[in-house]
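Colleague: Each residue of the sequence shown is one higher than the one before, starting from 1 at the first, in UniProt numbering.
Be aware that a few hints might be false.
Lysine-lysine pairs mimicking PhoX-like chemistry, simulated, CA-CA at most 20 Å apart [stated by the list, open to error]: (1) K144 - K96; (2) K115 - K171; (3) K189 - K118.
Pair ranges (Cβ atoms, derived) [as the list claims (entries may be wrong)]: (4) D138 - S56: 42 to 48 Å; (5) P69 - E195: 34 to 40 Å; (6) Y53 - R170: 35 to 41 Å; (7) K115 - N48: 30 to 36 Å; (8) P69 - K169: 38 to 44 Å; (9) H147 - K189: 34 to 40 Å; (10) P113 - V152: 23 to 29 Å; (11) P94 - K169: 35 to 41 Å; (12) H147 - K118: 26 to 32 Å; (13) R119 - R153: 22 to 28 Å; (14) N48 - D138: 30 to 36 Å; (15) E107 - D168: 26 to 32 Å; (16) E107 - E130: 21 to 27 Å.
Honestly, the hints are just simulated from the structure, not real lab data. Beta carbons are placed, not taken as given, at the ideal position from N, Cα and C, and that holds for glycine.
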Amino acid sequence: LSAVTLCDLGSAMYSESLQHENTPASRAANSAAETSGGTVPAPRDVKNEITPYLVSRFYRAPEIMLGLPYDYPVDMWSVGVTLYELFTGRMLLPGKSNNDMLRRTIELRGAIPRKMLKRGMFTDQHFDMEQFHFLRRDDSGSAKPVHDMRAVRDLSREVRGGAGASADKRKCEQLATLLERALQVDPEKRLTPNEA
1 LSAVTLCDLG SAMYSESLQH ENTPASRAAN SAAETSGGTV PAPRDVKNEI
51 TPYLVSRFYR APEIMLGLPY DYPVDMWSVG VTLYELFTGR MLLPGKSNND
101 MLRRTIELRG AIPRKMLKRG MFTDQHFDME QFHFLRRDDS GSAKPVHDMR
151 AVRDLSREVR GGAGASADKR KCEQLATLLE RALQVDPEKR LTPNEA
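All chains, full assembly: derive it from the sequences and hints.
Modeller: Below, the structure is given as structure tokens:
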């Protein structure tokens with residue numbers, strides 16, 4: 001968590017203090033423009049590329065699979081999945097595809113907020129865009145709508161069950177609370193590194 005916090009802080013400080021004229025690309029452009037008598041091009045607005053395959057599948061946050069803009073909350077999702085796996089010895093979401101991962105996420109956390117579904121570039125690959133029912137795809141690619149999108153797994157119970165007889169009950173409860181917050185489907189509600 002400390003590393004995620006440092007990356008988050010480093011990114012914020014870097015982007016706030018970064019001056020266009022101080023970047024290597026800008027210095028090169030300035031130099032080229034000066035020698036050719038041309039003008040200096042405007043800085044390119046670099047954004048995170050939206051791809052549904054960022055991060056290893058088992059640790060991939062829902063916003064990535066839906067094609068939403070992403071930031072450091074995807075790292076907190078991955079941290080939560082990793083902590084669950086380390087503690088229980090089992091993979092949290094062993095899906096075979098993004099569609100299967102989203103199905104398993106819904107089974108664990110419940111329905112994905114409509115505000116996320118409406119904004120996702122890839123939502124239509126996994127959801128009926130009129131009713132926002134999940135479309136469960138089989139290996140052939142055919143889709144079957146899932147109308148009940150309530151959670152059927154209890155994350156806290158799974159953590160307590162993976163503790164064993166000698167585990168400290170209080171620490172298990174703390175871990176369960178941490179995971180509940182780190183694995184919020186909505187990245188805006190997800191635990192931050194500083195809160196952890």
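Colleague: Would you pick out the hints that fail for this structure and give their numbers low to high?
Modeller: 2, 4, 5, 7, 9, 10, 11 and 12
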